Amino acid sequence: MDIQTIINISLLTLLALTAVILLRLHNLLAAVLLSGIYSLLSAGLFVSLDAVDVAFTEAAVGAGLTTVLLMGAIAVTGREQSVTRHSKLLPIAVTTITAAALIYGTLDMPKFADPEAPIHTHVAPRYIEKSGEEIGIPNIVTSVLASYRGYDTLGEVTVVFTAAIGVMLLLGGSRKPKNQNAKKKRDTNG
Amino acid sequence: MAKKRSLILREVCNLIVPAVLLYAFYVQFHGDYGPGGGFQAGVIFAAAVILYTLVYGREKTQKIFPTSVVRYFVSIGLLLYAGVGVASLFMGGNYLDYNVLAHDPIHGQHLGIFLIELGVGITVAAVMIMIFYMLDEYAD
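Chains as they are written, first to last, in the numbering used here: chain A, 1 to 190; chain B, 1001 to 1140.
Certain hints may be false.
Here are the simulated distance ranges between beta carbons [claimed, not checked]:
no. : chain 1 : residue 1 : chain 2 : residue 2 : range
1   : B       : Leu1089   : A       : Ile165    : 22 to 28 Å
2   : A       : Asp108    : B       : His1107   : 28 to 34 Å
3   : A       : Thr158    : B       : Tyr1033   : 26 to 32 Å
4   : B       : Tyr1033   : A       : Gln4      : 24 to 30 Å
5   : A       : Ser10     : B       : Phe1025   : 31 to 37 Å
6   : A       : Ala113    : B       : Ile1106   : 28 to 34 Å
7   : A       : Glu156    : B       : His1103   : 42 to 48 Å
Not close to chain B: a few residues of chain A, all C-beta gaps over 12 Å, as computed [stated by the list, open to error]:
no. : residue
8   : Thr5
9   : Ile9
10  : His26
11  : Leu40
12  : Leu90
13  : Ala100
14  : Gly105
15  : Ala113
16  : Glu116
17  : Val141
18  : Thr162
Derived from the structure by calculation, the hints contain no laboratory data. Since the model is a prediction, treat every value here as computed from it, not as a measurement. The beta carbon of each residue, even a glycine, is placed where N, CA and C say it ideally should be.
Isolated chain B (complex conformation) (with noise of 0.2 Å):
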């Protein structure tokens, strides 16, 4: 993995990571007018992080993303998610019913929906990651 890779591949990558990235963030943000969400975005930003790791090898990505805070976001999104539906139960709703997060019904659905795409989003690029992490240092 250490083995420098060549120039047309480095070149490549420095090419299209940034612009999967971009893309990831569209889907992610973009999930509610067009096809995509979470899931998508996701897997979109994983797979810019693994072909990354794939071309400079794990320690470079390590330095911007380290397996102990990426460990960390596994976590987080879940709860985001799992967190936006106690905090409609304190504000007098039923679990995860996002009517009641903003003044208007209107607005808390969309609050709602985009905290949880978010924490959707965060979870499983941080799995995707975790596990191609994993397999790579067992690799080794």
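One chain only, chain A, in its complex shape (with noise of 0.2 Å):
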């Protein structure tokens, strides 16, 4: 075994380790960190997968600034989960199901590293071979995302812009008096 796989599947187990912790906690704000944790770790995978952009987005964003944003949610709303009462059965029925349907999916999907694959052969190519003379940048990821595929990423960078947009309409407005409410509300709770 070389150490790439190595590496790969201790990432991968400790994933795995993080996911099924994560679903046992019930304390919001571990489960944040350890979803940090999570991200930190995909980070990981993404770098030994040679995928170094989407490695440094997702420890930007995914370890970094979620936590962050989803610790000050927190604090603002409360840090046990409420418990459900419901029964459990359909909820495990649905996620089994659909793990199946998935997991079926995947058996039609080429194999790891497979140079024949349709994502290998479709356009790929073309971006490598001939992005340094269109383009004329050497990151070809930057070529793709800001120049052959800068409609995509105006469309994202629109969706972030909703995003705020959104938390400015829900938590910005009429200020003061929902502010008390809140304060209230949870003071009697607490």
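Reconstruct the complex from the two isolated chains, following the hints.
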């Protein structure tokens, strides 16, 4: 077994372990911290798959900012997950069926790192061969995201923009009276 | 939030924040050559501002980045991105076709990518700072 395989296997094992612990937690603060660790581990996995740009984003957004923002959200709501009293049979059935369908779907996928996979034979060779003379910058990921797929990136920025508008509408509107109500509610609950 | 944090926390924050801000600019403008780009740079920039807010409180941060200004930057970045597309329409190309932005197609691509990455960085940083401000304000 080469070192790459060992790293991949240990990262995936840790990922699965984190996910299982996450499922069993009721303390939301610990859950947020663990999901940050989950993001950091997947960032490590992306590095070992040579996807440094994705790893960079995952580490900065998933492990860094999301953790802080979710902790901020917990600060205004509460630390403990509310106990559900419904039967758990339906959720278990739904997730089992979905997981089975997803695993069935993977059976049709090309093998890991197969050079004949459709993703490697469609537009990727053109980007690798031509982006140097067409765009003229060394980072092909940037060429694809900013130029070949510039329209998609515009859509992504619009999504981020919309998220901010949503949060501003929900939390930033008529500030004072709402705030006092929320505080009163929290005080009586806690 | 207004409570003064410990000396160690403040000094470490003083040490880290300038370096993180500088790194954000590096990621922003070096994205053509190394990993990174506007999105990551915006997030790193926002992380530095948020760290400063966590240590020194919102009032002090808002003297440098007031909510009213950050709010404008949320849309300025997106408008810059979309504006590059409109500019390329006016210069005879398709929407977001950077080839026509300069005399030379390669220079046009460089200019276009530089501008749209800047737009992405501005919007993402402003959005993240704004969401944090909103949560912080709501928690008070």
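Structure-based check of each hint:
In this structure the supplied range 22 to 28 Å holds for B:Leu1089 paired with A:Ile165, their Cβ-Cβ distance being about 26 Å. Evaluation of the 28 to 34 Å hint for A:Asp108 and B:His1107 yields a failure: the beta carbon distance comes to about 45 Å. Between A:Thr158 and B:Tyr1033, the C-beta spacing of about 27 Å keeps the proposed range 26 to 32 Å intact. Between B:Tyr1033 and A:Gln4, the C-beta spacing of about 26 Å keeps the proposed range 24 to 30 Å intact.
Between A:Ser10 and B:Phe1025 the beta carbons are some 35 Å apart, a value that agrees with the proposed interval 31 to 37 Å. Look at A:Ala113 against B:Ile1106: about 33 Å separates their beta carbons, and that is inside 28 to 34 Å. Checking the proposed 42 to 48 Å range against A:Glu156 and B:His1103 shows it is violated: the Cβ atoms sit about 30 Å from each other. Chain B leaves A:Thr5 outside its interface by the beta-carbon criterion, the shortest separation being 24 Å against a cut-off of 12 Å.
Every C-beta of chain B lies more than 12 Å from that of A:Ile9, the closest at about 25 Å, which supports listing it as non-interface. Taking the minimum C-beta to C-beta distance to chain B, about 22 Å, the non-interface status of A:His26 holds against the 12 Å cut. In this structure A:Leu40 is separated from chain B by more than 12 Å, as the shortest Cβ-Cβ distance comes to about 14 Å. The claim that A:Leu90 lies off the interface holds: its Cβ sits roughly 33 Å from the closest Cβ of chain B, which is beyond the 12 Å cut-off.
For A:Ala100, the non-interface assignment is confirmed: its Cβ lies about 35 Å from the closest Cβ of chain B, beyond the 12 Å cut-off. With a closest Cβ-Cβ approach of about 29 Å to chain B, A:Gly105 is found to remain outside the 12 Å limit, as its non-interface label requires. Every CB of chain B lies more than 12 Å from the CB of A:Ala113, the least distance being 21 Å, so the non-interface label holds. Listed as outside the interface, A:Glu116 is consistent with that label: its C-beta sits roughly 27 Å from the nearest C-beta of chain B, beyond the 12 Å cut-off.
Not every CB of chain B lies more than 12 Å from the CB of A:Val141, the least distance being 7 Å, so the non-interface label is violated. For A:Thr162, the shortest C-beta to C-beta distance to chain B comes to about 9 Å, within the 12 Å cut-off, and the non-interface label is violated.
Violation of the numbered hints given earlier is confined to hints 2, 7, 17, 18; the remaining hints are satisfied by the structure.
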